[in-house]
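Asks: Two independent chains are provided; combine them into the complex using the hints.
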Amino acid sequence: MSRPTRLGLAVVAVALATGCAAPQGGATPAASAGTTAVESCGQRLTFANTPQRVVALDQSSTETLLALGVQERMAGTANLKTKVAPRYAEAYAKVPVLSPKVLTAEPLRAAGPDFVVASFKELFTADRAGTRDELAKLSVPTYVSAVNCPDGATPPFERLFRDYQNLGRILGAQDRAGQLVAEQRGVVAEVEATARKRPRGLKVVWVYSVFNGIPYVAGRDGMASHMSRLAGAENVFDDVAQEWPEVSWEEIARRDPDVIVVGDLSERGNPGDKASEKLAVMRQHPAVSKLDAVRNGSFIELPGIEMDPSVRTVDALRAFSEGLDRIAGRG
Amino acid sequence: MADPAAVLLDPAVEPVVAPAPPAQPAPNRRRRALAVVLSLLLLAASLVLATRVGAGLGWPQIGRAVGVRLGLPVQPLPPLLDSLLWDLRVPRVLLAALVGAALAVCGAALQSVTRNALADPYLLGVSSGASTGAVVVVLLGFAGSQLSVAGGAFLGALVSFGLLMLLLRRGGLHSMRIVLTGVVVGQMFTALTSLILMSSGDADSTRALTHWLLGSLAPARWSAVLLCAVACAVGLLVVWLCSAALDGFAFGADTAASLGIDVRTTRAVLLVTTSLLTAVAVAAVGAIGFVGLIVPHGVRLLVGPLHRLLLPVCAVVGAAFLVWTDALARVAFAPLEVPVGVFTALLGVPLFLLVLRRRGEL
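Residue numbers (the numbering used here), protein chains in the order written: chain D, 24 to 354; chain Z, 2 to 363.
Just chain Z, with the same shape it has in the complex (with noise of 0.2 Å):
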């Protein structure tokens, strides 16, 4: 896995990502933390606010259900309304958030792997792949694992990544090149989970394939919160403690290395990890795309290059991002359900082409 991946780092290409001088001068320092708390504040108001959005539920009810859980002398819900409430509703909007960290820092720590901008797990069809595994292993007959899903879509995702990286062996490199390989590579999985759902003779085909490639949170319950939150407490530290090295990345791998990074190791860590994550992700709620891509570059024009600041700040705003997106999904077309792709990509996309826009590839 290692091996191949060094040839996405070319030392021809511009750095993606100039890091700040090491010394940080006091005001800095305030700022930083101020970007900190500023972005737990979004979360924790996301969080409760998003819990609002949706059918059945007003402040009173919500109050109730709650005071109810800290022993207070309230009325209690109805048995299906609680049930809406706990079973239902906190499970989606915490698996929105910690698919939303997940996808936004793997996007963070692929962007400075590859050094290119454009990088993201959907983009690089990291996510397609998962799915693909996600979908041979629930037609194998282990659906009600959670694990098993994750497990099968972990295996996809490394498949893809490694196809990508033999792909991507030989020739110039150039962004654009990562980007069209990745999306050639996310169609060809595409097509095969397609191919997998549409010969399996499930008169539902054609729903499992909206969940997987564009991915929902309706599904969500607490068994998958408890395994994504797992994982991305896991995973989201790996890749945090990998924070200098992502910052020497920058700069290619051969300052890397000049710097003292294990720059094979800690490549193969990383890709590893985001592999896993976005695994664990897309068994949960399907391939949601472009979180990965906008958070990243958003985040980046706030706090700086950093990564020891934009990772936990992309997390909470990745978080921040998708459950709100859900929200939209949510009520949009209420009682119906948009997948909350189709909400990802349209906000997604016009970002995207910005950003390459202001790298003058457009």
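Bound conformation, chain D alone (with noise of 0.2 Å):
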């Protein structure tokens, strides 16, 4: 049985104990007869009425909720990482920053949320948020991202687009959820087609971040190698399990890439962070500058915060494609 059926079965049977209506997707704001149930990462969560009050834990789920317009309904956010993308600063704006870096128990319960919604497990230990559990005994549900619960079946892209339904679900936003969706899963559709018409296997490395000289690359485990797969071409350190493991230039030169990705992180403002370093540093280097696609400027910049999983990867999915295009063409 797959996973939504089941999941529709266990919000009919949650209804039927009930002796309340299911939910027919038409949850309104204010508050919805029936009870919502979504799984989320191991625990069964179950809404009486929609979330008022609600707080995300870090950059990624607090992008997700702006994207579904639930700005109102946020109690608090915190953790971010970079700037919000554009689109959402003004969404933004309303919501109270709670902790600019990693959200603490007190603060959190001084806030009072009815939800709280984060990327990350480890987010909820009894020295961050509190534990899950911890909260679940308050009545505050948690939902973790079902990108931090690997099936092993489900692809990355899926999973996100399984939290914007999720949660869209429980903030009475489906609409907006189904259209996100829909959008996201077109670019992921365009991109495969666009693949087919390319010379597939292009080497591809994801220089993520150069710190103190060292750079740090995409692994097996991160949205990156999902993303090389989807446009058919291939990372070249999928042999490493880890989702950013950090290597040496020699070995990026071993590995000879024909295309270079390249995060910009100049948002976030640390010496080494803007693309146009770590492509100095590339020039300069004594193996990696021989190589043929930095010889040919074979670079893709994309925002390094989109190359981890949020509603924003698509965007770098789509950048990525359009520059594979073009250095294929050109070659």
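Treat the hints loosely; a few may be bogus.
What the hints assert, rightly or not - Just a few of them, taken from the derived set where beta-carbon distance is under 10 Å, the chain Z residues facing chain D:
1. L82
2. D88
3. R93
Simulated from the structure, these hints should not be mistaken for lab results. Keep in mind it's a predicted model, so treat the numbers as computed, not measured. Where is the CB? At the ideal position from N, CA and C, for every residue including glycine.
Replies: Written out as structure tokens, the structure reads:
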């Protein structure tokens, strides 16, 4: 039985058990009749009413909620890595920032949330926001992104879409969620279609950041590896089972990539965060500078924040695909 | 354990703490009573006032929350604020008090047992050993049980203590040498803790490292408070019952033996008890430094060197000290939390240098 079917059955079962009508997708922001039930990363969340005071614990979940247009019902946000996307800036301005970094249990409870959303399980520990069990006992359901709970079967973009649908259902924003899923699924399909017209198997390295001169690249476990496959390219560090492993420039040179994706983190503002700084390092490196990819300028610059799973990742996917077109067409 | 420990008692080193004459004139006794009463008042006031420090709760809210528990006809707090007070703030303040008391008493006892004014569970590397033990247990998958983490920390503390004794076996004994050896042992266990955490592949290893090496009371919950309370009740009582022996140790092992003290047994009991107290503290909140060093010195200036009085006042002052340092850690950069060990070190290091200077070693 597929997961959505099982979920649907669970909803119906709960609705029958409580003698209420099953939610028919028409949940209104104020208070909906019936109970919404959602499975999130090992916990079953039930909602008798639509949450009115939502707290998001990190940037990705904040942007997802803003994309769903529920900023009026957000009681707080925390832990922004860089600026929110310009298209959400106005909505974001309405949300109280509870902490610039990781939110701890005291300020979270002081904010009086009725629903807490996070991208990572690790944000729910005793020394951070408090454990999920503690919050559940206080009748505060906690949602953890499906991206953080791989089931081994669902591809990462589908897990992101599941988040939109789940959160849309919980927050009474199904229409917006449906729209978002349709749009983004469209982008993924488009990229896959373009990939079929292009020579396959281009070798790509994703240089996310350079810290103290050491490059961090995409391994097998992140979004970048998945995006490479969708676009018909091959991530050269797919043998490393990590998200952003630390490697050496020599190893990058040895793997001789056709394309180099460079993460631009200039919004973060640390030294070496700009894409141009990373390009300069590569052009000066004795081995890397001799690579064909560097000589021919086969670079694709992408915002680093979009290389991690979020509502903005499809933007990176589209730009990546366009970059490959440019490089392949020229070759 | 007791045998190598004997080297710590070198009769050539002058006594660090000179016991006062045994007969106490009446004014002194009154002063002692006053010291105990005053420090207890200080602690009580600290516990109440520090509960107010931090986000979300003012006196009216605390009054309502307490009133409801007492059955008074007041409006209850919203459940989340009530839980902020009872599930987070109150256990946190109590845990700070228990850990502060344990560390201060450990410091006082170790200073006498090693006849070294600079002894302290943190400087001697015992805290680092305990954190290594705790980290191993956590990574083996027993993180859920406070008791097993404390057990691992206890083993780690004993191992680091044993190593310290082994390293101090031969060669002349000088207080600087003890401290340097302790620092080296501590560094080794700190490195081991880092190695274990970093190689665990946990995405959050840096955060865990900060917790175990600098200490934080943010994860304080009732389970840790209960375990610490039991350990403190037993441990502090055992150390206190050894007061007379601790006074005797200050003159050296021979003098202590001539006073009718079973030196080896008492020393072993004290070392195991301080290891246990340190371990329970570290398992609950990580390695917090300098409390055991500066509190006993301050208290000794106030109430003199006799352990029968020194130990309880140390416990109370140590408790108040950590309660306030943690309150500072909570609000100094709110809503961000600073590891409390950062503040105890910032306050402790200047005082440590002062002690060294007064002893003419700097």
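Asks: Could you work out which of the previously given hints the structure breaks and list their numbers from low to high?
Replies: Hint check: nothing fails, all pass.
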